[in-house]
Amino acid sequence: MGLSMDVKMAWRNIWRNPRRTLLTICAITFSGMLLVFMLSFQFGSYETMINASVTIQTGHLQVQARGYHDKKQMQLVIGDTGKIVEILQQIPQIKAYSFRALGFSLVSSMDRTYGALVTGIDPVNETGVSRLKQLMRRGSFLTPGDLDRALVGSLLAKNLQVDIGDELTVLGQGRDGSIAATVVQVKGIYSSGIDEFDRASIHIPLEYFKEVYDMRGAAHAAVIIVNALGEVPDAKTKISSALSDTDFHDSLTVLDWEELMPGLRQGIELDLVSGMIFYVLLIIVVAFSILNTFLMAILERTREFGVMIAIGTTPGRLTKLLLFESMAMTLVGIFAGILAGCLVTYYFQVNGIDLGGSSELLGQYGISGRIHPKLSIWSISIGPLAVLLITFFAALYPALRVRRLKPVEAMVAV
Amino acid sequence: MHLQLAWRNIWRNKRRTTIILIAVIIGVWSMIFEVAVMRGMAVSMIQNGISTLTGHLQIHSRGYRNDPAIENRITAPEVIENALEKVLPKTAKWTFRVRVNAVASNARHSSGVTLLGIDPTREALVSFIGTSISSGHYLQKDDYRGIIIGEALLDKFNTKIGHKLVIMSQDADHEIASRAFRIVGTFQAEMEGTEKQYVFVTRQAAQKMLKLGESISEVSVLLAEASQHETIAENLKATLPEDQYEVNTWSEILPFVKAYLQLFDGFVYIWYLVVFIAMSFGIVNTTLMAVFERIREFGLLKALGMKPWWIIRGVLTESFIMLMMGMIAANALAFLSIWALSDGIDLSAFAKGVEFAGMTRIIYPVLTLRDWLNGNLIVLLLGLAVCIYPAAKAARFRPVEALAHT
Chain A
1492 MGLSMDVKMA WRNIWRNPRR TLLTICAITF SGMLLVFMLS FQFGSYETMI
1542 NASVTIQTGH LQVQARGYHD KKQMQLVIGD TGKIVEILQQ IPQIKAYSFR
1592 ALGFSLVSSM DRTYGALVTG IDPVNETGVS RLKQLMRRGS FLTPGDLDRA
1642 LVGSLLAKNL QVDIGDELTV LGQGRDGSIA ATVVQVKGIY SSGIDEFDRA
1692 SIHIPLEYFK EVYDMRGAAH AAVIIVNALG EVPDAKTKIS SALSDTDFHD
1742 SLTVLDWEEL MPGLRQGIEL DLVSGMIFYV LLIIVVAFSI LNTFLMAILE
1792 RTREFGVMIA IGTTPGRLTK LLLFESMAMT LVGIFAGILA GCLVTYYFQV
1842 NGIDLGGSSE LLGQYGISGR IHPKLSIWSI SIGPLAVLLI TFFAALYPAL
1892 RVRRLKPVEA MVAV
Chain B
-6 MHLQLAWRNI WRNKRRTTII LIAVIIGVWS MIFEVAVMRG MAVSMIQNGI
44 STLTGHLQIH SRGYRNDPAI ENRITAPEVI ENALEKVLPK TAKWTFRVRV
94 NAVASNARHS SGVTLLGIDP TREALVSFIG TSISSGHYLQ KDDYRGIIIG
144 EALLDKFNTK IGHKLVIMSQ DADHEIASRA FRIVGTFQAE MEGTEKQYVF
194 VTRQAAQKML KLGESISEVS VLLAEASQHE TIAENLKATL PEDQYEVNTW
244 SEILPFVKAY LQLFDGFVYI WYLVVFIAMS FGIVNTTLMA VFERIREFGL
294 LKALGMKPWW IIRGVLTESF IMLMMGMIAA NALAFLSIWA LSDGIDLSAF
344 AKGVEFAGMT RIIYPVLTLR DWLNGNLIVL LLGLAVCIYP AAKAARFRPV
394 EALAHT
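Residue numbers (our numbering), protein chains in the order written: chain A, 1492 to 1905; chain B, -6 to 399.
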């Protein structure tokens, strides 16, 4: 009598009461399906949020002067951009990079004045590291050779009451603290959906920025996009080790998106932790719901087990048999759950979920329109594995209880 | 009599009843408790939004909300003052403000801020600033040079109390007005963004700097009874000339908080339903078992002339008692855990993430009557509904077959 016989016996036993078994399997399927969907949903929206923020604002990585990220001081610059280009070109993971320079300035139209962050961008390379070009709503993107042209955020343009072709006066502080002033013409208006960005930023050509703000060839950041999110740590290590071989290893540093946007990272963690609490509670409710089935399966078969023990079945084998029974139900439920979960998730992965009235709210986090859940090996396995683990513990109690049966008493039980 | 019967039937199998009770207790507890925590999150978001310079109601000059520029100012505040005195209940507090976009700078830094000119005494009753001074002192009524800034801005500018800060903005004549203030105090807010955004001076100082005369930008009203805000807004709209002034409630001014609330309301019901479904499989299964092991008994009862309807009633009564027991225990547990957390759940470990999500750092669970009732009703009504299936099964046993069943 081998293992296969025990498995066969367990399988037949669970179908002695099909209604009960089906209900139990349904409970497990339901929780498995829900967890696959929810985790895919969460991971999918995180990825959308990260990608949106990365390609609108920070890039995956940035090389900056040490301290620039915290203090945003004009004089903390990357002096030798040529050397950085050499380093970045050596690293295979890097897909694109571009330099930027930034300065907070007063921007005025005919009769309005607002403070805004003026960013100098390289019209050609910028398209590789950000979606700014795709976000243009009116007018057109900067082209090489443009000088006193500016792209303006849609809300800022509305506040300043300017349109394409209008002039803006920009007044800021140069690298050495001197006054930087110029007049630029609005060439395009962009809208990212993130109000904070659209309300307080304008972009001008990097070369022109350097001239106006007296940058003497320097920039504030090298913005880097790597091939895939997962390659960020690797690329980061390579850049910092390349930097440490140069003369300016003390003055420059490389920051990843998590350091550049600590709020996004922690927001994701917070959401994950609160999600986990929900899921654990849910699984515990499911576990208690099905514990009864496992328990009944032995209580109503006391006589049967008494006979089995009497004819020489060891308690160990009985425990094993019962665990096979409950695990068979669990596994059927879990696979059905994974399958159903994948189908439901895949449907929404393709079609997206419309959150209706809250789409403007989600726009602030970079999620535009619909949310697309995303199936991954993690989102498929974590939830069902947790269900498996907890139901196993729920099954353990009745399976171990059966060992306490005394054959004679058990056989006379009703 | 049939209550007593049901009660005794339930305890015929103590272990089974206990297990299903535990499932119900954990399920209902998690419904009530988690929703209270989430509701607390939403409530603290609203409260924070209202106290961060919104108030329950705001009055602006028509056009200001679309274009918050100095042109769209209220030039005759006395008209509004009269209207407020006529309409508002005695318990309501209100204040006038000058509010403009400005640039703050010192020798090394500059940054965009919102400059607020406030009446120190009145403002303290309406918004957070009166209770949020963390060092230095609050503005005095006749302080023409003093400015209060957030701690985060103080850090960012690498400056300290007593130092100068230059504020630049556009004045009423479209000229750039610039004036040096002395930092007299700092404030701490729920969100770092608030600390970086707002700087406060006295209303007279702002009016003088911006050549506003007696004009103001906005009126903020805080009511003692938040629920009245819509009726009072209507009354104010009726009293004030419509072509000159706009009256807005907090939910119009903070559309994201409102959108979040709607999202949250939907979420509550999804969560209730999910937990209920998880529980219901156990409830149905247990009731089914309880019915099937009593086939002979039901057969006998029927043979003795019991009507099928009575059997259904009997089984449903058992389920009802079981659900009620679980719910009472779960509610008691939920009240206890909410009470235990009444000092708030501190999310400071996620401070940056909390800020990103627009929440506050400390969350106080809030159990509203509606959430509580809905949670319990869902469990009770749907719980009984799913038990109709096993009960109907019991009612349909044929006496002869059932009696022959072993």
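Honestly, I wouldn't trust all of these hints.
Just a few of them, taken from the derived set where beta-carbon distance is under 10 Å, the chain B residues facing chain A [said to hold, decoys possible]:
(1) Arg5
(2) Ile19
(3) Met31
(4) Ala35
(5) Ile39
(6) Asn94
(7) Gly105
(8) Gly186
(9) Tyr253
(10) Val261
(11) Tyr262
(12) Leu334
(13) Gly337
(14) Leu340
Because the hints were derived from the structure by calculation, they are not lab data. The beta carbon of each residue, even a glycine, is placed where N, CA and C say it ideally should be.
Evaluation of the provided hints:
For Arg5 (chain B), the shortest C-beta to C-beta distance to chain A is roughly 12 Å, which exceeds 10 Å, and the interface hint is violated. Proximity of Ile19 (chain B) to chain A holds as hinted, the smallest CB-CB distance being about 5 Å (cut-off 10 Å). Interface restraint check for Met31 (chain B): the shortest CB-CB distance to chain A comes to about 9 Å, inside 10 Å, so the restraint holds. For Ala35 (chain B), the suggested interface contact is broken, since its CB lies about 13 Å from the closest CB of chain A, more than 10 Å.
This hint is violated: Ile39 (chain B) has a C-beta 14 Å from the nearest C-beta of chain A, more than the 10 Å allowed. Interface hint status for Asn94 (chain B): upheld, as the beta-carbon distance to the closest one in chain A is roughly 6 Å, under 10 Å. Interface restraint check for Gly105 (chain B): the shortest CB-CB distance to chain A comes to about 3 Å, inside 10 Å, so the restraint holds. A distance limit of 10 Å between C-beta atoms decides the matter here; for Gly186 (chain B) the minimum to chain A is near 9 Å, and the interface restraint holds.
At a threshold of 10 Å, the smallest CB-CB gap from Tyr253 (chain B) to chain A is about 6 Å, leaving the interface hint in force. Below 10 Å, beta-carbon pairs count as interface contacts, and Val261 (chain B) has none with chain A, the closest being about 12 Å; its hint is therefore violated. Interface hint status for Tyr262 (chain B): violated, as the beta-carbon distance to the closest one in chain A is roughly 14 Å, over 10 Å. With a least beta-carbon distance of about 13 Å to chain A, the hint placing Leu334 (chain B) at the interface is violated under the 10 Å criterion.
Interface restraint check: Gly337 (chain B) against chain A, minimum CB-CB distance 16 Å, threshold 10 Å, status violated. Nearest Cβ of chain A to the Cβ of Leu340 (chain B): about 7 Å, under the 10 Å cut. The hint holds.
Checked against the numbered hints given earlier, this structure breaks hints 1, 4, 5, 10, 11, 12, 13; the rest are met.
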